[in-house]
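> Sequence:
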Amino acid sequence: MPNADFRVRVEKIISQLPADKVTTYGDVAALAGSAYASRVVGGIAHYGNPELPWHRLVNRRGGLAVGFPGGPDVQRQLLLQDGIQCIDNKVVNFEDLRWHPNFL
DNA sequence: CGAGTGACCGCAA
DNA sequence: ATTGCGGCCACTC
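797 is the number that this note's numbering gives to position 67 of the first sequence; each next residue is one higher, with no gaps.
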């Protein structure tokens, strides 16, 4: 029953995400099993465990999530607390800060 | 239980 | 460069 597994995988990946790195919905979705299920990742973020650091998830361009609770400003503040700078709703040095999965 | 929703991604006009 | 559309799949109503 791989239906609920997807959410578990995604949450595990997020929980193992280093504090000083960011990742994309697409990457998480791909690691969880479906490369194009990035929407599901967003959905899980919306309805899933709020304790996980969802603010480290950005879109493919490194931009902040639009539908984030409170708007991109909140996410920018959370990222700043993790030492990640954002300009114009985009992560600075995004390609450099982008998390590289190790457990392939 | 069925249909709709969505914090996205990639490609076609 | 922008706009539009399909697809992915768990979750809510």
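Any given hint could be a false lead.
Claimed, not checked - Computed spacing ranges between beta-carbons, pair by pair:
1. 779 with 826: 24 to 30 Å
2. 815 with 734: 20 to 26 Å
3. 738 with 801: 26 to 32 Å
4. 830 with 763: 27 to 33 Å
5. 832 with 804: 16 to 22 Å
6. 800 with 766: 14 to 20 Å
7. 832 with 797: 15 to 21 Å
8. 735 with 807: 20 to 26 Å
9. 773 with 801: 15 to 21 Å
Read the hints as simulated data drawn from the structure, not as lab findings.
Just so you know, these numbers come straight off a predicted model, no measurement behind them.
Cβ coordinates follow ideal geometry from the N, Cα and C atoms, glycine included.
> Against each hint, give a clear statement of whether it holds in the structure.
Structure-based check of all given hints:
no., hint, in the structure
1, 779 with 826: 24 to 30 Å, "28 Å, holds"
2, 815 with 734: 20 to 26 Å, "36 Å, violated"
3, 738 with 801: 26 to 32 Å, "29 Å, holds"
4, 830 with 763: 27 to 33 Å, "19 Å, violated"
5, 832 with 804: 16 to 22 Å, "29 Å, violated"
6, 800 with 766: 14 to 20 Å, "28 Å, violated"
7, 832 with 797: 15 to 21 Å, "30 Å, violated"
8, 735 with 807: 20 to 26 Å, "33 Å, violated"
9, 773 with 801: 15 to 21 Å, "19 Å, holds"
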